Structure formats: C-alpha cells, structure tokens
Amino acid sequence: MEFILPFIIGILFSASLYLILHRHFFRLILGLILSGLATNLFLFVIGRLTRGGSAIIGQDESVAVEPFADPVPQALLLTAIVIGFGIQSFTIVLIKRVYQSFGTTDLDDMNTTDQIDENH
Amino acid sequence: MNHLLIMLPILIPLYGAILSLFFWRSVRVQQFIGILAQVCLLVATFLLLFDINENGIRTTQIGSWPAPFGITLVADLFSAMMVITSSITGTAIYLFSIKGLDKARQSFGYYPVLLILQLGVSGACLTGDLFNLFVWFEVLLICCFVLIALGGTKPQLEGAIKYVTINFLATNFLLTGIGVVYGTLGSLNLAELAVLVRMPVAHPALITMAGMFFLIAFGIKAAIFPLFFWLPASYHTPPIAISAFIAGIITKVGMYALIRLFTLIFVTDQDLTIPLFTVLAGFTMVIGVLGAASQNDFRKILSFHIVSQIGYMLMGLALFTPLAIAGSIYFIIHNILVKTNLFLISGVVARRHGTFALKKLGGIYLQQPLLSVLFFISAFSLAGIPPLSGFWGKFMLARAGFEIDSFAIVLVSLAVSLMTLFSMTKIWNEVFWKKKPDVDPLSEVMTQQQQRDLRLLHLPVVLMTGFILFVGLYAEPVVAMAQLAAEQLLNSELYINAVLKR
Chain A
1 MEFILPFIIG ILFSASLYLI LHRHFFRLIL GLILSGLATN LFLFVIGRLT
51 RGGSAIIGQD ESVAVEPFAD PVPQALLLTA IVIGFGIQSF TIVLIKRVYQ
101 SFGTTDLDDM NTTDQIDENH
Chain B
1001 MNHLLIMLPI LIPLYGAILS LFFWRSVRVQ QFIGILAQVC LLVATFLLLF
1051 DINENGIRTT QIGSWPAPFG ITLVADLFSA MMVITSSITG TAIYLFSIKG
1101 LDKARQSFGY YPVLLILQLG VSGACLTGDL FNLFVWFEVL LICCFVLIAL
1151 GGTKPQLEGA IKYVTINFLA TNFLLTGIGV VYGTLGSLNL AELAVLVRMP
1201 VAHPALITMA GMFFLIAFGI KAAIFPLFFW LPASYHTPPI AISAFIAGII
1251 TKVGMYALIR LFTLIFVTDQ DLTIPLFTVL AGFTMVIGVL GAASQNDFRK
1301 ILSFHIVSQI GYMLMGLALF TPLAIAGSIY FIIHNILVKT NLFLISGVVA
1351 RRHGTFALKK LGGIYLQQPL LSVLFFISAF SLAGIPPLSG FWGKFMLARA
1401 GFEIDSFAIV LVSLAVSLMT LFSMTKIWNE VFWKKKPDVD PLSEVMTQQQ
1451 QRDLRLLHLP VVLMTGFILF VGLYAEPVVA MAQLAAEQLL NSELYINAVL
1501 KR
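Going down the list, the protein sequences come from chains A and B. For the first sequence, counting from 1, position 67 maps to 67 in my numbering; every step adds exactly one. My numbering runs 1000 ahead of the 1-based position in the second sequence.
List of simulated lysine to aspartate or glutamate pairs, DMTMM-like, C-alpha gap at most 25 Å:
# : chain 1 : residue 1 : chain 2 : residue 2
1 : B       : K1360     : A       : D114
2 : B       : K1099     : B       : D1453
3 : A       : K96       : A       : D108
4 : B       : K1359     : B       : D1438
5 : B       : K1359     : A       : D114
6 : B       : K1426     : A       : D114
7 : B       : K1154     : A       : D114
8 : B       : K1154     : A       : D106
Where chain A lies over chain B, by a calculated footprint (3+ residues, C-beta under 8 Å):
#  : region
9  : 1163-1176
10 : 1181-1195
Don't read these hints as lab results, they were simulated from the structure. Just so you know, these numbers come straight off a predicted model, no measurement behind them. Where a beta carbon is used, it is the ideal one built from N, C-alpha and C, also for glycine.
Isolated chain A, as found in the complex (with noise of 0.2 Å):
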C-alpha cells in the first residue's frame, strides 16, 4: 500500500496541474480540487503509515505503545482539509459569478485587466 501511494500522489499533481492549466473554467475548478486533495495526501503520507495503533495512552500505562501512528500529520490534515474546503467553496461561488456576469466559460477571455489601454 505505501508503496502505490506515491505514484497515486504524483498523478493526482500532475492531473491537477493540466486541468487548472486548461481554459474552462470547470476544469479550473477540478484542478483546484485535486490540487488540494494531493497535497493532503502528501501531508498524510509523510508521517509514516503505521496501521492498527493509535497513539492512545492506556490507563495503567504513562507512555503509548508502539508502534503507533504519529497523531501530528492527522492534526495538520485535518485542519488543511478544513481550510481547503473553505477557499474551494468560496472558489467555486466565484467562478459561478464570473460565469454570470462574462457569460463565457473561457479563461482565454479573463485578459482586459493586464491590457495597457491607450486611449483609456
């Protein structure tokens, strides 16, 4: 299993990276998503798997027994997916007013803010 998640990682960046490279917007949104959920994946795997032992403390013991799963990458995942989830949601609220208010679906027509215009 440890074995296969790298790769697993690895496609899901390179995935993400052609889809929010694409010009509509809801491969944008795909991207996005992958994107983070890569990265947490990443985050997840870092820590070691250890399956099986929770780094719960027993009553009659001070320590916890090993092997166990490092609790720290679990925090930190949690919290990132928290996060992740927010400014996706709050992506996706955006790019469906953007879709309302352009009318197109193509990022190749997102261009009139960098425009130097000459008889502004």
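Given the coordinates of chain A, work out where chain B should sit on it, guided by the hints.
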C-alpha cells in the same frame, strides 16, 4: 501581563471583528468599533515594541503547553515593527474608508473582514510555529479574496479569479513544504527546527528541497520575479481603500516570512540560496520597474512598483550581512507606509476627477496644492531622494553590497532607483503639472458636502505622510532598531533560547 501584551495584537482585531459582526445592520457602529480597535491595536503594538526593546525577545505558550509541543507566539523586534506598521496603515485605511468607500460595500461586512485581515497579519508576524504560520496566511488570504471580490464588478471578479487560483496553488506548495520539513525533522516549532537543522542530519538535500517549496510559496505571495504576474492583474481592480491596504501589507508579510525562515531555518545550503536570491532580486527589481514604465494608469504604475520594491527587500536577504538584513527591514517598514500612502493619494485624485488614467488627469497642482505636496513627499521617498525614508533603506543596502563586493546587484539597484524616479516624475507631470485636457466645467462643480468629504479624505494621507517624514527625517532610532532586529535575526541562539528556555 507580558504574555497578554504579545496576545493583544491578535486579540484586539479578533474581538473587534466579532463585536462588529453583532452590529451587521449599523455601519456607523461598525465604523466606530473598527476605529476604536485600530487605535487600541496601535497603542498595544507600541507598548509591545517598548517592552521588547528593553527586555529582548518575548514568548508565550498558548494553553501553557511547553515549547516544542504547543503553539508558541514569539515577538522579536522584527515582528513588533511589522505589527506596528500594519496597525498604522490599518488606522489610516479605516479613516479613509469612512468617506472613501461606497455605502453598499461598507454595509456588506467590509469592516469585520478588514479587522480579520489585520488579525491574520498580526498572527503571521507573531507565530513561532510553521503550521500556525500557514494557518494565519490562510486567514489573511481568504480576507483578501473576499475584499478583492467585494462588490462584484467585472474587473474585480476577473482579478479575483487570478488572485485566488495562484494563491491556492501557493498554499499547496506551502503545505507540501511543511510536510517535507515534518517528515525529515519531525518538528514544526521554528526554534526546535533551527536547532535540528544545525545538527548533522541524514538528508541535507531534503531540507534544501523543503526550503525551495517555501521559496516558491512565499515567492508567489510576495510577488518575486517569475511569480508576480497575478499582482498587476488584480491589485488595481478593487476600490482604492481595499487595494491600498492589500498592496501595502500583504506582499510584505510574504517577504517577512521569507526573511524569517531563511535566516532561522534554511541557512544550511547558502551556496545555493545566496546566488539564487541575488539573481531573483535583480530580475524582480528590473522587471517591475520596466513594467511600471510602460503603464499609463495611476494605480497600475503603483502596482508594478510593488514588484520592483520587493526586489530590494530580497536583495537584503541575498547579501546576508547584518547591515543588509537591517536595510531590508527598514525598507519593508518604509515601503508599507509609502506604498499605502501613494495608493490613498491616487484615491483622493480619483475621487475628485473620477479617473485613474494619466491622459485624462491634469492640473491638480493648481487645484489641490496640499495634495500635490503630500504626493511629492511620498513619491520622492519611494524613489529614494535624501533625506526621505527610501534613501536610508537603499543607502544601507548599497553600503552592505559594497562591503562584500557585490557590485553588480548594487549597480542594478541604483539604476532601478533612477527608473523609479522616472515613473514618479511621469505621474507628477501628467497628473499634477500639465494642464487638464478638455475641461468639462460641469464636472468641476462640487457641492459643499462633496468638498467636505474630499477634505476629510486628506486626513489619513496627512497622517501617513507624517509617519513617512518621521521615518525619513528622524531615521536614527528606526535604523538603530532595524539593526538590532537584524542582529536578533542572525543570532539564532537568541531566538532558540527565548523559545526553548534553555
């Protein structure tokens, strides 16, 4: 009491924001709470600075969990100077917003969001924990997203979509970097990390790799050379009160994080980082100033100059001597004040004449001589004319560069100063000096109410110019403090001992 003093820059905006959310329907009360909170914050940050100046680095442990396990808040001189500058800016922005922002936006949660943005800035500057730093950055970024999109005009939405996308990517880079650091070193506390990287580690290359992740993440947030394109595309779109605050503060907080991390933790591979920073700093300066020269819109010129000025701050980090870091710190303080003030002035001009286009503006020196003088001071300060504030920062950086024979980067920085002066004189000529083209007599007429509002808008500009003049003309204590702050940054032992209480 001392622990409370570190918490206050975080608690005041937090409680202010919560309190003003209770008065959602009454903009007046929100304005009052906002200004009260900003003034309290200003007092608290000054008290914090005096305290640190006397007693050295201050720390507090949230929830009393001892240092490497819980979240630590650390206030050294650099972070205290950052929060003071951000609270000065915040106060000016609040004063400006009351008359300078339309009622619709004000009544849609503008004041609470601005306070939470201030909360994020304070938190990012005071935290001593890597993951906590990420969380504070998210707090301030999501406020920026909301503020840029607030009102939902077409250019704003377009700017927001670019801003959100690129910053979301930066966030993911940051998280990946944090993951690599935790995976290799097994800690997130900055002080403990600083101890761990200085001991022989199994994979030094992995730490450098993590450093590069942080460089990309904060490089995007600070708008460093190949990663700055979102900035001129989005910063000029929201109303001026919002873009002044965001343009003044946010990129510099990214720069703060870079300086903090690359003086404390990622110092192990300086054969790579120092040449890299030198090249990036040079390109950031040059590209930014050239971009500004090609623009002909008041706000867009100023936006591109943010990029150019970031190069100077990075230059201090690239030279990596005590004097250079002190120069960077001084430059950050000076730049936050000056840049915000220039944006505010462009807002006052646009309020009177309804446009930011240089071609349509003109003759303001004749109509508003006071405003012209205020612009003159700020613009020359930005370009670095002695004895104004920009000069001292550039002087320290250039001298530090000459001391270690880095002539190329110093020459580039001096040439860029000259180009900055060119852009500022361009604005001066077009907006203030030349005759106003095709004057429409009807548009020149103002009611008494409008005239009173316009006069009130000058108040924050005068306030900021006062601080700019103070930092420039009475530079000695500020420079001395920047040098002390640089010493604290470069002697990591001080930071480590203060946090881990060894």
